[in-house]
Amino acid sequence: MLMTLSKDSMSITREQDVVPCRNRVKEVAVKIGMGIVNQTKLVTAASELVRNILRYADSGEVLIEVVSKGRESGIRLTFSDKGPGIADINLAMQDGYSTGRSLGLGLPGTKRLVNEFDIKSTVGQGTVVTILKWKNG
Amino acid sequence: MDKIPILRMGPFLLVTIQIDLYDRLALNLETDLINMVHKTGARGVLIDISAVSIVDSFMGRILGNIASMTRVLDAETVVVGMQPAVAITLIELGLSLHGVHTALDVERGMALLQTKHSLDDEMAGDDADDTE
Ligand SMILES: Nc1ncnc2c1ncn2[C@@H]1O[C@H](COP(=O)(O)OP(=O)(O)O)[C@@H](O)[C@H]1O
Ligand SMILES: [Mg+2]
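Chains A and B, in that order, give the protein sequences.
Position one of the first sequence corresponds to residue 1 (this note's numbering), numbered consecutively onward.
Position one of the second sequence corresponds to residue 1 (this note's numbering), numbered consecutively onward.
Okay, chain A solo, but in the shape it has when bound (with noise of 0.2 Å):
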């Protein structure tokens, strides 16, 4: 089972917010253990999904929690915003695909950074997206 051993949110308003929010995951990160490898891996898709949060929604949440299972442990993210929303995300999810005239490698490419991967999305209501990355993973 799952387990959260703890939480800390922060919002996301203006680009000012990202190098702050990537330090924030990053301390966690660090906290646990994690080694440097997946620290990277795991900041750098923090930092692709709260651009996407500021490019296509204006503002919106991030969760940061650690996580625990078994003798696992590991952080979780959670990016959320009350946006626009997507309307096929199979499409979203390719590879170079952009509305924001950008590379299309933020979705896709966070989702090979780490080891849990989930977006929930509904037009006109926004988008939720989890990342979970374990230590060792």
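Mixed in with the good hints, there may be bad ones.
Below, computed lysine to any residue pairings styled on SDA-like, alpha-carbon distance capped at 25 Å [stated by the list, open to error]:
1. K120(A) x G94(B)
2. K82(A) x I36(A)
3. K82(A) x S9(A)
4. K135(A) x K3(B)
5. K69(A) x N136(A)
6. K3(B) x P20(A)
7. K26(A) x D20(B)
8. K26(A) x I4(B)
9. K82(A) x T130(A)
10. K111(A) x K3(B)
What the hints contain is simulated information worked out from the structure, not anything from laboratory work.
Knowing the structure of chain A, use the given hints to seat chain B with the ligands on it.
What follows is chain B with the ligands alone, placed relative to chain A:
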């Protein structure tokens, strides 16, 4: 407003990124570098990212933009000092830094630029011979 300093070293420009860039700063660097290459006629740009712990697709795109725009101005861009964890992450993210040369450190990056620079000179020299 913070600004990333651009150093002139002979025919090359050197930029050392010492902090994790927020977007405005990165975009300003892109513009400043292009202007500076244009103004000075620099033949190469060296970007030292050894202190950068995160390169996401936004930052990767900026590095790619800098490389392609300086190339139009006849200057090569070399990114040096990428941390191994950053390199591994970039590959998994799916970002291939197309058209961006990379080197292990500033010294090797400089050597790479110098080789390209003198190759260009030789070719320019050949051209001159042909027309004589
Ligand atoms: N939070 C979000 N709200 C609404 N649309 C989103 C959100 N995140 C991503 N999208 C949509 O999914 C597409 C792909 O996103 P991503 O893979 O990050 O690439 P990019 O940001 O470069 O376009 C975006 O272009 C956008 O249309
Ligand atoms: Mg994106």
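Verification of the supplied hints:
This hinted pair checks out: K120(A) and G94(B) have alpha carbons roughly 23 Å apart, not beyond 25 Å. About 33 Å separates the Cα atoms of K82(A) and I36(A), which puts this hinted pair outside 25 Å; it is violated. Annotation: proposed proximity of K82(A) to S9(A) holds, straight-line Cα distance about 16 Å (limit 25 Å). As the CA atoms of K135(A) and K3(B) are separated by approximately 36 Å, the hinted pair breaks the 25 Å bound.
Restraint check for K69(A) and N136(A): the C-alpha separation of about 12 Å stays at or below 25 Å, so the hint holds. Using a Cα cut-off of 25 Å, the hinted pair K3(B) and P20(A) holds, with the two alpha carbons roughly 19 Å apart. Taking the CA atoms of K26(A) and D20(B), the gap is about 13 Å. The hint holds against a cut of 25 Å. Taken as a hint, the K26(A) and I4(B) pair is honoured in the structure, with Cα atoms around 24 Å apart against an allowance of 25 Å.
At roughly 15 Å between alpha-carbon atoms, K82(A) and T130(A) fall within 25 Å of each other, so this suggested pair holds. For the proposed pair K111(A) and K3(B), the alpha carbon gap of about 34 Å is over 25 Å, so the pair is violated.
The structure fails hints 2, 4, 10 (numbered hints given earlier, in ascending order).
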